[in-house]
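Model the full structure from these sequences, guided by the hints.
Going down the list, the protein sequences come from chains S and E.
Just so you know, this note's numbering puts 30 at position 30 of the first sequence, and the rest follows in order with no gaps.
Just so you know, this note's numbering puts 88 at position 88 of the second sequence, and the rest follows in order with no gaps.
FYI, nobody ran anything at the bench for these hints, they're computed from the structure.
One should not assume that every hint holds.
What the hints assert, rightly or not - With a Cα cut of at most 25 Å, we get these calculated SDA-like pairs of lysine to any residue:
hint : chain 1 : residue 1 : chain 2 : residue 2
1    : S       : Lys126    : E       : Phe22
2    : S       : Lys239    : E       : Asn60
3    : S       : Lys39     : S       : Pro20
4    : S       : Lys39     : S       : Gln210
5    : E       : Lys42     : S       : Ile99
6    : S       : Lys126    : E       : Tyr75
7    : S       : Lys94     : E       : Thr14
8    : S       : Lys239    : E       : Trp44
9    : S       : Lys94     : E       : Lys3
10   : E       : Lys42     : S       : Leu228
11   : S       : Lys94     : E       : Leu13
12   : S       : Lys94     : E       : Trp44
13   : S       : Lys94     : S       : Glu213
14   : S       : Lys39     : S       : Gly29
15   : S       : Lys101    : E       : Leu99
16   : E       : Lys42     : S       : Lys126
17   : S       : Lys94     : E       : Asn60
18   : S       : Lys36     : E       : Leu56
19   : E       : Lys42     : S       : Leu103
20   : S       : Lys101    : E       : Leu47
21   : S       : Lys126    : E       : Ala85
22   : S       : Lys126    : E       : Asn23
23   : S       : Lys126    : E       : Val78
24   : S       : Lys94     : E       : Ala48
25   : E       : Lys3      : S       : Thr78
26   : S       : Lys39     : S       : Leu50
27   : S       : Lys239    : E       : Ile92
28   : S       : Lys94     : E       : Leu47
29   : S       : Lys101    : E       : Leu35
As the list claims (entries may be wrong) - Short, incomplete list of chain E residues facing chain S, as computed with Cβ under 10 Å:
hint : residue
30   : Gln12
31   : Leu58
32   : Val74
33   : Ala76
The beta-carbon is built from N, C-alpha and C at its ideal position, and this holds for glycine as well.
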Amino acid sequence: MLDYILNTFTSILGPITAKPAFGVSLTLGLFLVAQKIHKRYPSPITHPLLISSSAIILFLTLLNIDYDTYQQGGQLITFLLGPATVALAIPLYKNSRRISKQLGLITTSVAAGTLTAMLVAVFIVKLFGGTTELVLSMVPKSVTTPIAIEISRIVGGVPSLTSVFVVLTGLVGAILGPAFLYYTGLSSPVSTGLALGTAAHGIGTGRALQEGEIHGAYSGLAMGLAGLITAFAAPFAVKLFSIIGLF
Amino acid sequence: MLKGFTIILVFQLTGEALVRLFNLPIPGPVMGLILLWLALVKGWVVLAVVEEIANLLLDNLVLLFVPIVVGAMVYADVLIEYWLALGLGIIISTLAGMLVTGMIATHWKRKDRNA
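Shown next as structure tokens:
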């Protein structure tokens with residue numbers, strides 16, 4: 001009887017998990033649960049992204065389902081990152097007047113933060129014995145995934161490894177960022193928004209939007225600018241690193 | 001909502017097309033963002049039409065990253081072997097970047113206020 005149930009279960013499991021609906025419903029379902037947990041126990045370490053993705057990894061590992069199978073549905077969710085990036089034009093437009101008065105402040109602070117994060121990441125990974133491949137994959141890790149993947153390819157990194165670093169960076173920024181900015185006395189809406197968008201791209205912007213629409217608008221702008229700056233600066237930075245013998 | 005979503009997708013595709021046409025080093029969606037912002041400023045697109053779908057997407061922005069984070073499972077070996085270098089690199093560089101941006105933004109703002 002038990003054998004029969006187990007056999008039926010495994011014979012159904014394969015075809016079911018290959019359906020796009022599987023990846024989508026697993027992701028949505030566990031994300032909703034993670035949001036409930038975060039609401040019940042509000043803390044940086046109960047960040048819904050952290051909880052839901054750990055739970056999904058655990059689920060897939062336990063049932064021996066590989067990532068490509070999950071991605072049949074997962075990629076449908078990732079697809080929406082494109083339109084979501086375009087949609088950042090809306091909070092940007094709503095705050096256009098404020099922002100246009102502060103263009104100098106915005107570009108200077110975002111450019112400085114972007115270059116700092118890039119240099120510090122490269123130096124530390126190199127210092128602690130990371131391979132050249134890892135160091136190069138680390139270069140664009142502060143910017144939003146679609147930009148980071150392109151840059152990674154251009155400078156000779158591993159794009160999929162870069163996307164993992166990008167998300168880890170976003171998580172660190174979203175989890176530690178608001179408290180860090182508060183304790184360093186840098187937590188005005190403009191400062192918080194710019195810092196989160198510069199150093200933690202879309203995930204930081206998601207966090208900034210929770211703080212308020214102004215935070216979100218500046219964060220979205222900073223994220224876009226950081227992406228542009230990184231796209232232009234990364235190839236030169238990498239050339240410079242190789243000249244001074246970092247690789 | 002459906003109209004707004006269609007408009008956003010068309011702007012994304014236009015962005016992709018321009019980026020390829022002029023060989024720009026930025027991703028299509030970012031170009032789409034710039035174009036949609038311009039269209040809103042110029043009044044070619046009405047805010048109310050795109051606002052609802054934009055809010056839906058942005059309110060759930062974090063959800064859209066979940067499948068990419070799950071992708072970390074494929075690189076478990078590398079992540080475990082170099083966890084210290086990668087962990088320190090990511091944490092310290094992210095805080096350093098935020099510190100620099102936040103400091104400039106905060107002090108610049110004070111200067112503006114005093115002026």
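Comparing the hints with the structure gives:
no. : hint                 : verdict
1   : S:Lys126 <-> E:Phe22 : violated, 35 Å
2   : S:Lys239 <-> E:Asn60 : violated, 38 Å
3   : S:Lys39 <-> S:Pro20  : violated, 29 Å
4   : S:Lys39 <-> S:Gln210 : holds, 13 Å
5   : E:Lys42 <-> S:Ile99  : holds, 17 Å
6   : S:Lys126 <-> E:Tyr75 : holds, 19 Å
7   : S:Lys94 <-> E:Thr14  : holds, 22 Å
8   : S:Lys239 <-> E:Trp44 : violated, 42 Å
9   : S:Lys94 <-> E:Lys3   : holds, 20 Å
10  : E:Lys42 <-> S:Leu228 : holds, 23 Å
11  : S:Lys94 <-> E:Leu13  : holds, 23 Å
12  : S:Lys94 <-> E:Trp44  : holds, 15 Å
13  : S:Lys94 <-> S:Glu213 : holds, 9 Å
14  : S:Lys39 <-> S:Gly29  : holds, 16 Å
15  : S:Lys101 <-> E:Leu99 : holds, 23 Å
16  : E:Lys42 <-> S:Lys126 : violated, 48 Å
17  : S:Lys94 <-> E:Asn60  : holds, 19 Å
18  : S:Lys36 <-> E:Leu56  : holds, 18 Å
19  : E:Lys42 <-> S:Leu103 : holds, 20 Å
20  : S:Lys101 <-> E:Leu47 : holds, 22 Å
21  : S:Lys126 <-> E:Ala85 : holds, 8 Å
22  : S:Lys126 <-> E:Asn23 : violated, 32 Å
23  : S:Lys126 <-> E:Val78 : holds, 15 Å
24  : S:Lys94 <-> E:Ala48  : holds, 12 Å
25  : E:Lys3 <-> S:Thr78   : holds, 21 Å
26  : S:Lys39 <-> S:Leu50  : holds, 14 Å
27  : S:Lys239 <-> E:Ile92 : holds, 23 Å
28  : S:Lys94 <-> E:Leu47  : holds, 9 Å
29  : S:Lys101 <-> E:Leu35 : holds, 20 Å
30  : Gln12                : holds, 5 Å
31  : Leu58                : holds, 6 Å
32  : Val74                : holds, 5 Å
33  : Ala76                : holds, 9 Å
Checked against the numbered hints listed earlier, the structure breaks hints 1, 2, 3, 8, 16, 22; every other hint is satisfied.
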